[in-house]
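Colleague: In case you want the letters, here they are:
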Amino acid sequence: MPVLEGKELRIVGFLCNWCSYGGADTAGVGRFSQPTDLRIIRVPCSGRIDPLFIVKALMNGADGVLVSGCHPRDCHYSEGNFYARRRLEIMQRFLPVLGYEPERFAYTWVSASEGQRWQEVVKSFTDQIHKLGPAPKILGPQASDTLSLMAAAL
Amino acid sequence: MNTSLNYAYYPGCSSTGTSLEYDMSSRAVCGALDITLTDVPDWSCCGSTPAHTVDHTLSSALSARNLDQVASMGLDSCITPCPSCLANLKTAKHRMEEVGFRDKVNNLLDKPANTQVGAKSVLQILVEDYGVANIKKKVVKPLTGLAVGAYYGCILNRPAELMQFDNREHPMAMDNIMEALGATVVPFPLKVECCGASFGIPRKDLVMRLSGKLLDTAKSIGAMALVTACPLCQMNLDMRQTQINNANSSSHKIPIFYFTQLMGLALGLTEKELGMDKLCVSPRSVLDALTSVENPKEKAA
Amino acid sequence: MKIGVFVCHCGSNIEATVDTAAVAAAAREFPDVVFATDTMYTCSEPGQDEIVAAIKEHNLGGVVVASCTPRMHEQTFRRTVERAGLNRYLFEMANIREHVSWIGKDREANTNKSIDLVRMATEKLMRNRPLFSKKFDVNKRVLVIGGGVAGIQAALDCADGGLEVVMVEKTATIGGKMAKLDKTFPTVDCSSCILGPRMVDVAQHPNITLYAYSEIEEINGYVGNFEITVKKKATYVNWDSCTGCGICMEKCPSKKATDSFNEGIGKTTAINIPFPQAIPKKAKIDPEFCTKLTKDKCGVCAKVCPSGCIDYEMQDEFVTEKVGAIVTATGYDLFDWSVYGEYGGGRYPDVITALQYERMLSASGPTGGHIKRPSDGKEPKNIVFIQCVGSRDKSVGRPYCTGFCCMYTAKQAILTKDHLPGSQSYVFYMDIRAVGKLYDEFTRRAMEEYDTKYIRGRVSMIYPKNDKLLVRGADTLMGAQVEVDADLVVLAVGAEAAVGASELAEKLRISYDSYGFYMEGHPKLKPVETNTAGVYLAGACQGPKDIPSSVAQGSAAAAKVLGLFSKDQLESDPQVSLVDIKRCIGCGKCIKTCPYGAINEMEFRGLTKANVIETICQGCGICTSTCPQGAVQLQNFTDNQILSEVNALCRF
Amino acid sequence: MKVININLSYNSDFVTRVEEESGQKLNHCYQCGKCTAGCPYTDEYDISVSQIMRLTQTGQKDKVLQSKSLWLCASCESCTARCPNKIDVARIMDVLRHMARREGHAGVRTVKTFWDSFLNSVESNGRLFEVGLLANYISHTGRFWTDAGLGHKVLPKGKIHFRPSEMQGKKEVTKIFMRFKEESAKCGAKKLPPEISSVSERKPHNEYIPELRLLSRVFKHRNLP
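Residue numbers (our numbering), protein chains in the order written: chain A, 7 to 160; chain B, 0 to 300; chain C, 118 to 769; chain D, 2 to 226.
Bear in mind the hints are in silico, worked out from the structure with no lab data behind them.
This structure is a prediction, so every number in the text was calculated from the model and none was measured.
Ideal Cβ positions, reconstructed from N, Cα and C, are used throughout, including at glycine.
Among the hints, a few may not be true.
Sample of chain B residues lacking proximity to chain D, with all beta carbon distances greater than 10 Å (derived) [as the list claims (entries may be wrong)]: (1) THR35; (2) THR37; (3) VAL138; (4) PRO141; (5) SER219; (6) SER249; (7) LEU266; (8) SER284.
Listed next, the in silico DSS-like pairs over lysine-lysine satisfying Cα-Cα at most 25 Å (straight line) [said to hold, decoys possible]: (9) B:LYS110 to D:LYS182; (10) C:LYS349 to C:LYS294; (11) D:LYS176 to B:LYS89; (12) B:LYS89 to D:LYS87; (13) C:LYS570 to C:LYS489; (14) C:LYS373 to C:LYS439; (15) D:LYS26 to C:LYS511; (16) C:LYS257 to C:LYS624; (17) B:LYS103 to D:LYS69; (18) B:LYS212 to D:LYS187.
The shape of chain A in the complex, shown without the other chains (with noise of 0.2 Å):
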């Protein structure tokens, strides 16, 4: 039982170890209290983030992505979510190639000293996921070969 149904959504976050993992440690260190569905995947860096993660994600099934790293000019590593921005831009713009609704993804930036920030940052993309709804899921038998397919095909 992954999800509670009808409660919770699907929601994977990729965040940076520097600033935005620090940022949702913050928020938990001040008991700033969030929507249960978000999953977070911990990468050093928001550069380190292959846009292809996120459609594989939704892909399999997710139904919203998150990602967040440090505030321009503030990357631990100085330049890598500006990489990362440039890369998510262009990939929000396939998503409805995809057949996916491009606000099932976001980017943002949290510091890690931004606890309320990130309480504000899930609450709200929380809630737009859950006005979207489900996202559409390739299941049945096949599902597994249709996916390797559209893998190979990226």
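Given chain A, put chains B, C and D in place with the hints provided.
Modeller: Relative to chain A, chains B, C and D alone:
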């Protein structure tokens, strides 16, 4: 000034009565500067302070009607000499951006209010649109030797977020104009202190105290006269000056001009056009001190 | 791979809103998981021993701990598994405290979420590979940026510890804000008497190289091997031969230069030595006020200088220094209070800042220690101190408390009485923040023994009345509006991040908060570290601090550096990129994108291939997501590992 | 002095209403007193503005709504302009005044009467008719001498007209008021004090004669032409 300026003009109620001379001089000055004013057709009262003390929707509805009248002229903004009117018109526009509030206001109106029309003060457009430098160019009769203090009153640029004009604690618009007219501006420390506002009738004592303080300060800094941009301030300081003197056993004889009156003077308009005779505290001495050279226009008058 | 899973209660921190037993039970069903349990405190000694035991008993190939954030205990548990003979990278953490139990009350949802996070961790762990650090040499020299009291402390401690220290100070003298102070609280002892000797020590210490009037131009490299470019700003005086005799100052005809050391109280000469005890005691020319440099007239200083060290042609000079660690001690600056129009916004000469007042109190200051009104030089009788000017004020974007104003105001009130026994001081305050040894007693003394009148309320406006200033405030305890006829008003102007702090942070690759103060590694456990290895913080650059705390941090930072340098070699983080020669087509994209120039080209059987220099690679993984072939992979964050986490989440 | 039980006397409904109607967060106030420090009217207040804020924060409804201060605030915005926590204090004062009205309080009757008279004049003329306002106010307060002294100053200057300035749209304005009263009646406000409610059945403006006579009586006393 090559491009000609046109504005919808909202006089406000006091312009028909106690601040007649403000209205006269504002129109005269704009005329002299080739600024065209068209009266807002069949304008009504903005509700002033009393309205917003009763209810914000009522207050905004009263203003909204006038904003609509402006829209009916095919214009998206108007100007008014009176800060109180200005505050209400601006507040109405601002608050009506909030849908829930707008609906409440529309409930009170015949037809849904136009939410696009903005408002500026006569002072603001003179400074920002016409420009102090250009005013300076038009001066034919500099106010040399006139030591004047500029008093702005409390709501001309407060709250800053709403009024979006000049500095909230230390406005300079009138100071700059007066300087351009050749007057000696004495920095007035209580520029934005309240004069007692509309309490003149129900609680005169308040006005006596607050306006009294303003007059005392004006005297202490050696101002021969004060300029104001607000009918209420002017009325309290001018019309009630004798009352104030009696109440505080002071003996002030400080003329309280509307800044437009002194502008007009410097632009060569006659005292009559500017309603100098409407002032309660006689400006005679001050004006005589000024007019070293006889003004031909005045002879004619 | 045989995997063991340990789900931590963290006392009630996690257990209260997550059914850890259920999480462990669910984990047992995951592929490869051979052992799973829930424990009270996994990080405690018994908790760690349990892990070690389990690894031995079930001969586990990898371990997952579901507890707090990896930023807290990843290192701890890596050491634990290592003790049991596993490679430290065959370990993963699932953050079920900060990211689950602390942000939601719904036990069912939390438990379910925790299970997902553990599944992710195990899926990734299955694809983890043993990684081994490389060792590299350390350059045991340290750079201290900023010569205030914190920087001085750090520099001296390091130097005494036998390290070579390079100190770079922006202004012409070290000493920072403390050098400008007359006395210090709560002991009221003379600031320069305490600081002076320390400044001299810096100048004379054989291990310390001081670059005053210099700034950091560029920083390259990494912990153990930084390369720093220092910009020595043109002083137009050859410091090697300048003796600091001061004749140039006496003779200089241009006496209108802003006296920044005296906070603009009084003026100084175009060529000047900041103050008599300056270190280094060397003259410099302020070009904008020097008639020789502006109009090519004068040239008096060149004529009078006995050692002929004036050089009007001098240019900025750049020098490189190699160091292994950096201590940042850039301090703070004062908030620009002119935004307070109601306080005159700078229009009234007799409204001054506390630091200006401090200069006035100082015997070596422009007034020779006499309190005078800037306007007419008269002795003030009523002095009003206003607290929280640019502190605890959202409306000016400074919601934080500066923390030391309450104390220095009490000090200044006391000193005022000493200087002018006939005077009366009034302090408008909101709360008295006097936490610290003997601090509260001190503020009490200001009230009880020195009869300072404390008024609880903010001031709404100040305006001139005759030759006095009328201060109109509130006494909220009286519930009344109050007025004071003041001769002099002293504003306790708050502290903000030093000018240029953020630019420097970007050069250092450390993060800073929204006010420009530098972020420490961990608010509790890493107060002087940053998230960049080898870069440490000291003093007010991390947040407003008084002298004792700044000094303490200076020493703490020094201790960290000495600790770092206690090893001759450092271990590189093996989580770096690795090129798969077979896949690499030598397109060079990764070389272009790498922020560190950690990738170069190499020849391999006549083909060009990318090659990662492990010690330079910082492990950001930008190359990995750039490589069209997937040939460059950031180890421990490979595409496969991340995608396995994605699948773990979405496919179930 | 009365002991206040903080939890029993806390009127949470009141606090929420104030926050809703003013759009301000009361908890943002940390009682620095800067509003009181700058308030030109503090002299006349029975409760200083910062204490009004405090009492509102702590839900002391009656104390607040019955206070004179609410009616002596001229909305000069000093408090709002200078609040370190960006609270629009003036707006909160306004909102409290609205509530006081709805609850039928009028801390300073003369002020309320004046404001009502002002609005009555606007309601029936579309614009403010100053003499009418004065007359109306005098008739409601019996304060004949209020500004008699000014009469002979202002009369000769042609600043005072004994007829309101004409406008066609005044019906629209009157309607605004009517609708407003219906609305406020709907949302269960207590009966609006007489001055306001009576207006709807006021005589049309051109029959202001009785009040004019009243006024001229005033001037006779000053033996004016």
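Colleague: Now, for every hint given, state plainly whether the structure supports it.
Modeller: To see whether the hints hold, each was checked on the structure:
1. No Cβ of chain D comes within 10 Å of the Cβ of THR35 (chain B); the nearest lies about 23 Å off, and the non-interface call holds.
2. Even its closest Cβ contact with chain D, about 17 Å, leaves THR37 (chain B) beyond 10 Å, as expected for a residue assigned away from the interface.
3. The Cβ of VAL138 (chain B) sits about 28 Å from the closest Cβ of chain D, beyond the 10 Å cut-off, so the non-interface label holds.
4. With a closest Cβ-Cβ approach of about 28 Å to chain D, PRO141 (chain B) is found to remain outside the 10 Å limit, as its non-interface label requires.
5. The claim that SER219 (chain B) is not at the interface with chain D holds, since no C-beta of that chain comes within 10 Å of its own (minimum 18 Å).
6. The beta carbon of SER249 (chain B) is kept farther than 10 Å from every beta carbon of chain D, the shortest such distance being approximately 16 Å.
7. The Cβ of LEU266 (chain B) lies farther than 10 Å from every Cβ of chain D, with a closest approach of about 23 Å, so its non-interface assignment holds.
8. No Cβ of chain D comes within 10 Å of the Cβ of SER284 (chain B); the nearest lies about 18 Å off, and the non-interface call holds.
9. Restraint check: the Cα-Cα separation between LYS110 (chain B) and LYS182 (chain D) comes to about 18 Å, which is no more than 25 Å; the hinted pair holds.
10. At most 25 Å may separate the alpha-carbon atoms for a hinted pair to count; LYS349 (chain C) and LYS294 (chain C) meet this at roughly 21 Å.
11. The straight-line distance between the Cα atoms of LYS176 (chain D) and LYS89 (chain B) is roughly 22 Å, inside the 25 Å bound, and the hint therefore holds.
12. Straight-line distance between C-alpha atoms of LYS89 (chain B) and LYS87 (chain D) comes to about 19 Å, which keeps the hinted pair within the 25 Å bound.
13. Only pairs whose Cα atoms come within 25 Å are accepted, and LYS570 (chain C) paired with LYS489 (chain C) is accepted, the gap being roughly 21 Å.
14. Taking the CA atoms of LYS373 (chain C) and LYS439 (chain C), the gap is about 40 Å. The hint is violated against a cut of 25 Å.
15. A threshold of 25 Å between alpha carbons decides the hint, and for LYS26 (chain D) with LYS511 (chain C) the separation of about 14 Å falls inside it, so the pair holds.
16. About 21 Å separates the Cα atoms of LYS257 (chain C) and LYS624 (chain C), which keeps this hinted pair within 25 Å; it holds.
17. Of the pairs offered as hints, the one joining LYS103 (chain B) and LYS69 (chain D) is violated, with about 29 Å between alpha carbons and a cut-off of 25 Å exceeded.
18. The hinted pair formed by LYS212 (chain B) and LYS187 (chain D) fails the criterion: a straight-line CA distance of about 45 Å is larger than 25 Å.
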